[in-house]
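S.K.: Let the hints inform the model, and build the full structure from the sequences given.
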Amino acid sequence: MTTANLPELPPEKGSWDEKAVSRRGLLEAAFGVLASAGVLAVAIPGARFLVGNALKPAKPQWVEIGSIDALPADQVTRATFTTSATDAWRNVTKRGTVYVYSDDDGASYVALDGTCTHLGCMVHWRAEENHFACPCHTAAFTRTGDVISGPPPKPLRRLPVKVENGVLFAEI
Amino acid sequence: MNRVARWVDERTGLSGPVRDFLNYPIPQYVHKNFLYTLGGLTLIALILQVVTGILLVFYYDPSVEGAYNSVDYITYILPLGWLVRGVHHYGSSAMVILVVLHMLRTYYFSAYKKPREINWLTGVLLLFLVLAFGFTGYLLPWDQKGFWATKVGVEIAGSVPIFGTQLMALMRGGQDLGQVTLTRFYATHIMLLPAVVGLLVVAHIFQLRYHGMAPPITAHAKDNAKKFVPFFPHWVLTDTVAGLGLLALLVYLSWANRAPLEFPADPTSSNYIPRPEWYFLFYFQLLKYFPGALEPVATVAIPLFLFGSMILLPFIDRSEERRPWHKPVTTLVSIFYIVVILIFTILGTAGSA
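So the sequences go chain by chain: F and L. Under our numbering, think of the first position of the first sequence as 1, with each following residue one higher. Under our numbering, think of the first position of the second sequence as 1, with each following residue one higher.
Hints are supplied without guarantee of correctness; some may be wrong.
[To be verified] Here are a few chain F residues that face chain L, going by a calculated C-beta distance under 7 angstroms:
1) Ala79
2) Thr80
3) Leu119
Read the hints as simulated data drawn from the structure, not as lab findings. C-beta: ideal position from N, C-alpha, C; glycine also.
M.R.: Given below as structure tokens:
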């Protein structure tokens with residue numbers, strides 16, 4: 001009866017062990033439980049391992065933009081910064097682009113992150129048209145970073161700034 | 001030789017399955033129509049990618065400092081490096097073209113219909129994985145093109161509502177595009193994707209053999225449906241000739257134009273115009289038309305709708321009719337998609353000029 005689902009064995013080979021086969025349901029259930037436990041025991045730590053430190057928020061960091069003497073106060077100036085950073089197991093030199101200007105003749109400065117808020121391309125300043133342009137989807141931003149046209153969902157990111165000993169710093 | 005073969009066969013039992021595989025009857029309507037070689041040709045292109053990929057791993061340095069120089073070395077200094085990388089580079093485009101053509105053949109011949117739905121589904125998954133191969137592959141040289149196209153690609157994931165930011169961080173492996181990203185893409189490109197694609201290709205071919213070729217759709221083909229030729233050598237020879245043609249084309253392209261390598265990745269450059277590979281260009285262009293809050297329409301809704309409709313196709317179109325000229329809806333929908341993709345690709349190309 002319990003062997004009903006099993007193929008018939010040729011008589012010369014032998015026969016199914018009825019007693020052992022009668023425990024089939026129990027063994028199937030045990031396999032299901034143990035195999036699931038095994039799969040989870042591999043999959044859960046595996047998934048955690050893959051996530052790694054990816055979701056750790058980046059620590060804001062002050063970077064040196066340059067001497068304010070070298071920044072023309074009334075113009076938008078492109079400044080690149082370099083700073084040492086840890087990229088997982090590597091010590092790297094992190095680089096980026098910010099745009100800096102002053103509306104009050106150097107009393108205070110505005111620094112904008114040059115990363116387009118649409119899909120992360122780098123915008124460039126068009127002095128003659130007085131706006132930032134993104135080369136990816138032709139978006140335009142005002143001098144203050146507000147969206148004029150194109151698909152970006154929000155203004156360019158304004159970075160906190162400070163001046164120490166005549167040197168401008170921005171927090172990225 | 002015969003004794004050796006018999007010895008092996010007694011211990012492995014392989015001769016029966018191998019003989020059955022090679023003697024499989026191919027209907028003449030299939031053998032005589034070159035459109036049916038597209039599947040086999042895709043497999044040959046995949047094999048070429050695997051072989052050239054394994055060769056490239058011997059020289060490629062998967063680090064942000066070393067990747068660019070190693071690819072430069074492979075392309076310009078290493079003997080035949082230009083050939084191996086060239087065939088791999090142009091082969092990736094060939095894969096996309098062949099998979100799409102193979103899929104269109106299947107679509108217009110209604111070969112996705114019962115009982116072949118699962119084979120259509122494995123095919124849709126394989127198309128998706130081929131695109132994933134392309135996306136993870138072109139970051140690896142760590143040049144401007146790969147860096148910026150990946151930055152944009154990852155940001156697209158970032159625009160997914162609710163968990164987009166986390167998804168983007170998971171893809172990058174951190175808050176910036178850096179070493180962890182490169183390692184992730186490399187591991188996905190050379191380990192994860194080949195393993196999954198290999199399994200799916202076996203499943204795809206097994207399903208094909210289980211159901212046989214889809215029935216013919218033209219009267220002429222029906223006349224040829226009762227005559228068969230063996231898979232080997234007749235069919236294999238046709239695919240071999242097509243495969244050699246493909247190889248010759250890839251070698252020629254690699255020789256005529258070295259596989260491109262732009263300047264090294266520079267996160268500060270504000271005058272570089274990021275553009276993805278040509279087969280993602282239509283999508284890149286599409287993103288232009290969904291401003292602000294509408295962004296998820298282009299980044300989530302449209303791709304989900306496209307892939308969703310491809311997956312659901314065999315369950316929606318369940319009629320017996322297999323002739324495309326008697327199925328105006330599916331035929332017109334496909335033509336609409338093809339035209340839209342072509343127009344957006346042209347607009348995207350013009351935009352990059």
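S.K.: Please name the hints from earlier in the document that this structure breaks, with their numbers sorted from lowest to highest.
M.R.: Failing hint: just 1.
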